[in-house]
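Peer 1: Below are the chains, spelled out letter by letter.
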Amino acid sequence: MAAPPGLPPPEELLKRADEMLRELEKGPWPSHVSELRKTRYPLHVYGVGLVARKSPWGPGTVRVKYVNTGVLSRWARDWVPNGGEETHFRVFHTPGKFWKTDFIRQIAKISKELGVGLIEIVGQTGAFVINLTKDKAEEMVDALREIGTDVGGSGDAIRALNACVGPALCEFALFDTLRWYAEFYKDKRINDAIATPGFPYKFKIKISGCPMDCARANRADVGFIGVWEGAPEVDQELLRKKIEAGEVDPKELAARCPSGAISWDGKELRIDGEKCKKSMECIRRAFPAIKPGKKIKIAVVVGGGVKGRFGPKLGNFIGYLGPNDTQKAIDLVFKAIEPWNNEAMPKCRLGDYIMIAGIENFLKKADIKLEGMPEMAKTGDEVPYAVLSKEEREEYLNLVKELKGRA
Amino acid sequence: MAAPPGLPPPEELLKRADEMLRELEKGPWPSHVSELRKTRYPLHVYGVGLVARKSPWGPGTVRVKYVNTGVLSRWARDWVPNGGEETHFRVFHTPGKFWKTDFIRQIAKISKELGVGLIEIVGQTGAFVINLTKDKAEEMVDALREIGTDVGGSGDAIRALNACVGPALCEFALFDTLRWYAEFYKDKRINDAIATPGFPYKFKIKISGCPMDCARANRADVGFIGVWEGAPEVDQELLRKKIEAGEVDPKELAARCPSGAISWDGKELRIDGEKCKKSMECIRRAFPAIKPGKKIKIAVVVGGGVKGRFGPKLGNFIGYLGPNDTQKAIDLVFKAIEPWNNEAMPKCRLGDYIMIAGIENFLKKADIKLEGMPEMAKTGDEVPYAVLSKEEREEYLNLVKELKGRA
Amino acid sequence: MTSDPKAARLQKVFPVDLDKFLPDIIKRNYGKWVDRKFHGAGIIEHISETGERVFTVKVAMPPNARLSADTLEKFADIADRLGIGALRATMAGNLEFLTDSLEKALKIKEEVESMGFPVGGWGPAMWGINSCTAFLTCTTSVVDSPSITKALGDVLKPYFTGEEKLPAKLRIYVSGCPAMCAGGTAIDIAIVGQWGAPPIIREEALSYCLPPPKALEKIAESQVFLVQICPTGALSLRREGGRVKLTLIPEKCINCARCKENCDAFDYDPENVGVAILVGGKMSNTGRGPRLGRVLIPWLPAIPPRYEEIVAVVKRVIDVWREHAQPGERLAEFIDRIGWQRFVGLVGLEKVHAVYQRIPDHVRTFMYFRQRYEAWRRLREGI
Amino acid sequence: MTSDPKAARLQKVFPVDLDKFLPDIIKRNYGKWVDRKFHGAGIIEHISETGERVFTVKVAMPPNARLSADTLEKFADIADRLGIGALRATMAGNLEFLTDSLEKALKIKEEVESMGFPVGGWGPAMWGINSCTAFLTCTTSVVDSPSITKALGDVLKPYFTGEEKLPAKLRIYVSGCPAMCAGGTAIDIAIVGQWGAPPIIREEALSYCLPPPKALEKIAESQVFLVQICPTGALSLRREGGRVKLTLIPEKCINCARCKENCDAFDYDPENVGVAILVGGKMSNTGRGPRLGRVLIPWLPAIPPRYEEIVAVVKRVIDVWREHAQPGERLAEFIDRIGWQRFVGLVGLEKVHAVYQRIPDHVRTFMYFRQRYEAWRRLREGI
Ligand code: SRM
Ligand code: SRM
Ligand code: SRM
Ligand code: SRM
Ligand code: SF4
Ligand code: SF4
Ligand code: SF4
Ligand code: SF4
Ligand code: SF4
Ligand code: SF4
Ligand code: SF4
Ligand code: SF4
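Protein chains in written order, with my numbering: chain Z, -1 to 405; chain V, -1 to 405; chain X, 403 to 785; chain R, 403 to 785.
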């Protein structure tokens, strides 16, 4: 990108960059600049970008043998005085993103010795990011593999998986999100699709233990979200106690239930399982007197994403798996990938492809069949005119031939 | 339109036309062909059209002095053997479409003497249609005016009004639809806009006495529909009797209320006026034990239509008038017409124009203010990127300047 | 302005005198109706607070409500003999006889039925079939709605007369072309004629629809009326030397027929022509309120005189509705309740909707750029 | 395949051994959590059926969760001293200390706060601000999200720490460009960098993004990658003699930045650049369920280091929500309940939404040709 117009001369630029950086160290919120100062990150580049109001970084290259994803490298733009460079790895996080202190110290050591001493402790996809110096790239990969993790997940590949902390720390967890996380990674096909890009675009898999969706699975290319069948479970005894203690207001529970499933007759709280939309509203207010139901199912959503070709989209719900169906879940991912990988234009996310193909056609092509699949993509048009090909018209005619017989 | 390919020679064509017509006289449903046979309508033309599967009529012309709307004339296409012609008038219907027998006989006489003895007793807009012979056009107009009605309502003009039968025959009528019908017609501006086309497109006004919308006002350019405020009125005494008599099932009333406004505690039926959406479901089932409420309002809907530029649309609800606000209603019609007439492209219906202008902008331009106007046309976009002009951007900046002061 | 006495015609004579046009019994009880009773299909007793009663007898008219003056006079005779000396045309093209006792009403019923005009409608019944004029008088029609209406009526009559019961009101609108003069699509079942393929332009007839050559020279291409009315930009005007050429991009055409409505030079091949059948519209605020119908099948051939394909689909829709709907449930509410897919499956047209999933790419882009409707179940609705 | 030992790298080392990576106390109580208590902002006590307890202390990280190795080591020391020898990064970029008693938890809080890292979040509070990396490392950024995040955090900290109460959870995502790496728009408040005006093409840099001339010759214009990725057809390739020229039709451009994401030759003028602010999105199925955020204001300048315009709008949105929302009501549900117009009015940005009513004509045509969303109240909702 070109130098922005009206950039001051180098010295002045650096001075103003420095002022800008200092300003960002003030105030009560933790400052990234203060942290960066403790590292060998080329802070002036960042400062110059702020003054120029333009990203100071241009694409760089670094090749790491047999590491085809997870490596990103930048050069400072030619208008940044004194230049600078920046390279970083995306690194797989541990299950639940737990870092025992020995592991932290290993990471910190690697970062200081082979990098610039800077870590993004968790990226938005769920990896963590570690800066390095270009010439230490090969070493860094080995060091990370040594301590039990690795580099990967960028480009048109499966990205670092993400799963909420689930049963490791959360009362609401309906299934073992971390075991799913592990099982997915262990699968050879997943490994290969992470290691080597080749899809039309990136592909993200996210796993949430319950409808709170802390892992934002509903925005993934394929997401898994724990739910249950029917009504939440009510421990009437405990609930009564909570009500007496003033911890829970049963009228509020009924009023806040978005599906009108809860009724309170002054004595007992009843929940209509047919109506319940698993909003977790009653549960979070009255836990553990009200808990999710026992019959657990994993809702599958496909085609979410923040942008892609056709703009922001949430996932499309396509049915359920069981809480132990990890293998089926992995199969499903690759079934979903197949028609997309074969047919989609470059830079179409799965959700874009689904919009192009039509979700029903997509599900057919992908040969996906799930329990509780919702019916029908779309109702008919509101517009009664259309241009139709001869073939289409003949198809309609044929369809009706049979009816004619019946009439 | 050109002759369809593969048309048989004239004689054969006429023969097949005749067979087709005969077939349409069979069967239990009243036959238009049988009726047409009793008239001087050129039936062979219609028959040939059916065989050719193409309209046999092309545009014709007839000029009637100072009658600029409501006159339509056709010539048979050149491929119709023996040719033929057809001319008809659209004629204003009486209030409630009541035809006393003397009036019927006058119509029939005019039809036989100056026309071909054929009448469409009511057209879909609400006029009736009378066929004539071209050379009697001037006479026919005078004859119709003589008996108290007139020709009009076609082209880019206000069309024949339509109102449901209302208080003349209907228990549900919430206001005097027929008086509205009459008052509208008496207005000079309405007269002129019916008499002389000049708008971007046609313009229809429809009036329904209650939410049943028998006059399909919700599909008009401007529609008026009687509603009430709050809950329907319940005569508990009478209701109890109806329940005892088995005529009314209170549980069904509650279940069929689409807004969940009705509760039945085994003794008394209660209706939550806040919730009631005026579906008429309880009223039609338990009338007159349940009746519309007493505080009557006239809901105004604008911009409906079957097609226009952007396809089918129902009206947009824009607020209420009072049951006696006929003058305000007529003013409102012309307020709505003004920006449309000034700005719309040809062949944009009011609804299309509203879509182009945005309904809020439209209401502002039209200077329409009503009681109970709903808020806000649209919520914000889901897409966070857009191309914006410098002016727009400055506008946003200015808007926020004030907020900055407050923060 | 002018001294021509005919100029007085610009001041219309509107039939607005309620006193003159309303029958006396109606005037006496105007706005005083307190109750009504239904006496079988087609007959309503209206009860006034004055104690008077008016019985209405609803009679089906031939397609497009076409009557000969002869028949109309015969009806007037009956109205004088057995009624209160008045009829009324309903909004929707039936004819109502008015009388003051049930016996007379039943007598009227007998007489009109013997003339071949069935009595029926109201409540859970077919209230009628509305037809536009089409091949009877209309230049833009592509199929003939009156004969389609006749073919349907012959089969559906028992639903009108009440011999066969329906779950709720049913009305059918049959329009000969996308102008939809029969009343549009906001009705239980709508049948709409359409061209099937993009229009054919008859160069030789085009000049009638264009401004005179001199004027045309001065107008920007995009401002030419014919170019403007096409909502999709499928029509464009190119100047080639001194001549102009109107071109149509078939990929952009949506077959809306607006060009045709405004210029006779647009033609079609009867081979391509057909009807779309829409279901589940309504105007009334009952149930879940007014809504537009939805395309059940976007194209079927329209083959006179019996239109078997159309009749078969309509019949099938009604059968499915009759079999599965709850009492009082209009087709719209029924479809809403069971869901479109299930409905389409029950009718036996599962495969049809595949077409709705095809949206041209450029359309989709913009559609999803702005407020987007959610095409598929989200988690919340799904679980 | 190859004998290079480095080829083994294609088999990734995934940290999947739960036994190895989970702290012991977590393993012992895995899936056995039966209750939890909130101890002020940022501290949760998790109660296991085994009787054991784990306390988590949620600590805000600097923008973009950037820590120096030094600080990380200091945290490890604290975790060893006062915790169970483990930390965890949350999904959303905070750091959780784990310990086994409330006192220790409070001690941790004290220590990290003295280091300048506030403890907070959970329940009706700000849970954090997520920032992408932007000017720190990213080539496609148009505004710098980490510094915007800092400016916001400085003002909003009391909502995080619980000093000031909120009606419900609040999270803010700040993304430096339309790629929205901070997590998109399905969150309470989303701030998204955008170009403002259509991209400028730097001819001189274009060749890097096009196939080599020989290959290019053989590809149809529309099949060229850069042409294909533009979702609106704003980009087209024209061959002029031997040379190719990429042209951009500004009217078609929606500023989606896909061209830029794929080719460094697309440039912009910082003058035009700004952010859109979206509100009312969420992921969670609470309330009325997940939904995308809506544009509250489509453009504001992003002026470092204090970004006053952005901060003012965010602050104002929060104030309005605080003042008018019911307890427990997230911004999304609050806006739903009071209606967009009223919300926009309360914020003081009534005039802003006028822009949403402008839809280019061709768009509208198609949008309304297919399934259309209802833009304005229908009778049923109105009455
Ligand atoms: C590092 C990270 C931001 C961070 O600091 O947290 C990031 C950084 C970039 N993202 Fe992202 N994205 C990151 C999470 C996301 C997320 C969040 C998520 O995964 O939930 C999203 C939105 C979710 C989604 O995918 O729908 C996201 C949507 C994008 C997009 C838009 C994709 C689309 O469908 O349109 C792009 C553009 C592209 O791929 O062409 C993009 C592109 C980029 C690039 C590669 C742009 C570039 O080439 O400069 C950024 C590299 C910056 C750098 O120097 O590292 N990034 N990106 C996140 C990855 C770390 C990690 O693996 O944990
Ligand atoms: C006579 C009538 C059909 C009938 O037999 O009932 C009719 C007949 C024609 N209509 Fe209509 N329309 C008739 C009611 C309607 C209705 C029903 C209504 O008003 O509720 C509609 C739909 C409602 C609406 O306006 O939204 C209707 C929507 C159209 C349209 C589409 C308008 C649009 O917005 O796109 C056209 C096409 C046009 O105007 O260019 C049209 C055009 C025509 C033309 C003028 C086409 C033509 O030039 O040949 C037809 C003349 C046929 C003829 O020979 O008389 N007619 N037309 C109806 C008028 C009689 C009356 O005044 O009562
Ligand atoms: C006569 C007529 C109005 C007129 O001015 O001409 C009419 C008059 C009445 N309508 Fe209607 N409706 C008339 C066309 C309509 C239309 C328009 C249409 O069919 O195109 C509608 C709206 C379209 C729709 O179907 O959504 C309409 C929707 C209703 C409804 C709602 C039906 C439903 O189930 O949704 C009722 C209530 C009912 O049937 O229970 C109703 C009920 C009534 C009743 C029977 C009131 C009652 O239940 O006591 C009115 C009787 C007055 C009378 O005896 O004359 N009227 N009614 C129309 C007769 C049409 C016909 O020949 O059959
Ligand atoms: C730790 C974390 C998951 C993880 O694996 O990292 C998490 C864990 C929990 N979430 Fe979450 N949520 C986490 C991010 C999210 C996200 C994602 C995000 O913010 O980007 C969401 C969905 C996005 C959204 O806001 O819609 C999310 C929506 C919820 C909700 C719903 C809030 C609401 O009012 O709609 C709850 C329930 C509540 O707060 O009452 C919840 C509740 C919980 C609780 C506190 C369960 C409870 O109420 O007992 C979990 C505590 C486990 C623990 O102690 O570790 N969690 N939670 C994430 C912490 C983020 C942070 O640093 O603040
Ligand atoms: S998604 Fe559910 S199970 Fe997972 S951390 Fe959030 S609240 Fe717990
Ligand atoms: S989980 Fe939500 S929807 Fe279900 S009963 Fe509880 S509050 Fe209602
Ligand atoms: S709209 Fe209402 S008042 Fe008018 S006729 Fe129909 S039911 Fe009666
Ligand atoms: S009118 Fe309709 S919405 Fe109102 S209470 Fe009766 S049934 Fe319910
Ligand atoms: S719908 Fe078409 S065919 Fe029927 S009258 Fe109207 S314009 Fe003519
Ligand atoms: S039918 Fe409609 S879309 Fe097609 S060319 Fe004519 S006006 Fe344009
Ligand atoms: S949102 Fe844009 S600026 Fe931020 S990291 Fe992603 S690509 Fe870079
Ligand atoms: S910003 Fe988007 S719409 Fe504009 S040219 Fe680039 S890819 Fe096309």
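Bear in mind the hints are in silico, worked out from the structure with no lab data behind them. It is possible that part of the hints are untrue.
[Stated by the list, open to error] Using 27 Å as the maximum straight-line C-alpha spacing, the simulated DSSO-like pairs for lysine-lysine come out as follows:
1. X:422 - X:559
2. V:388 - Z:273
3. V:388 - R:408
4. X:434 - X:422
5. X:429 - X:439
6. Z:249 - R:567
7. Z:132 - R:408
8. Z:402 - X:439
[As the list claims (entries may be wrong)] Looking from chain V toward chain X, a few residues come up when the C-beta cut is under 8 Å (computed):
9. 90
10. 176
11. 254
12. 359
[As the list claims (entries may be wrong)] A short list of chain V residues far from chain X (calculated; beta carbon distances all over 12 Å):
13. 12
14. 13
15. 95
16. 134
17. 169
18. 261
19. 262
20. 305
21. 325
22. 392
Where is the CB? At the ideal position from N, CA and C, for every residue including glycine.
Peer 1: Can you give the numbers of the hints that this structure goes against, from lowest to highest?
Peer 2: 1, 2, 3, 8, 12, 15, 17 and 20
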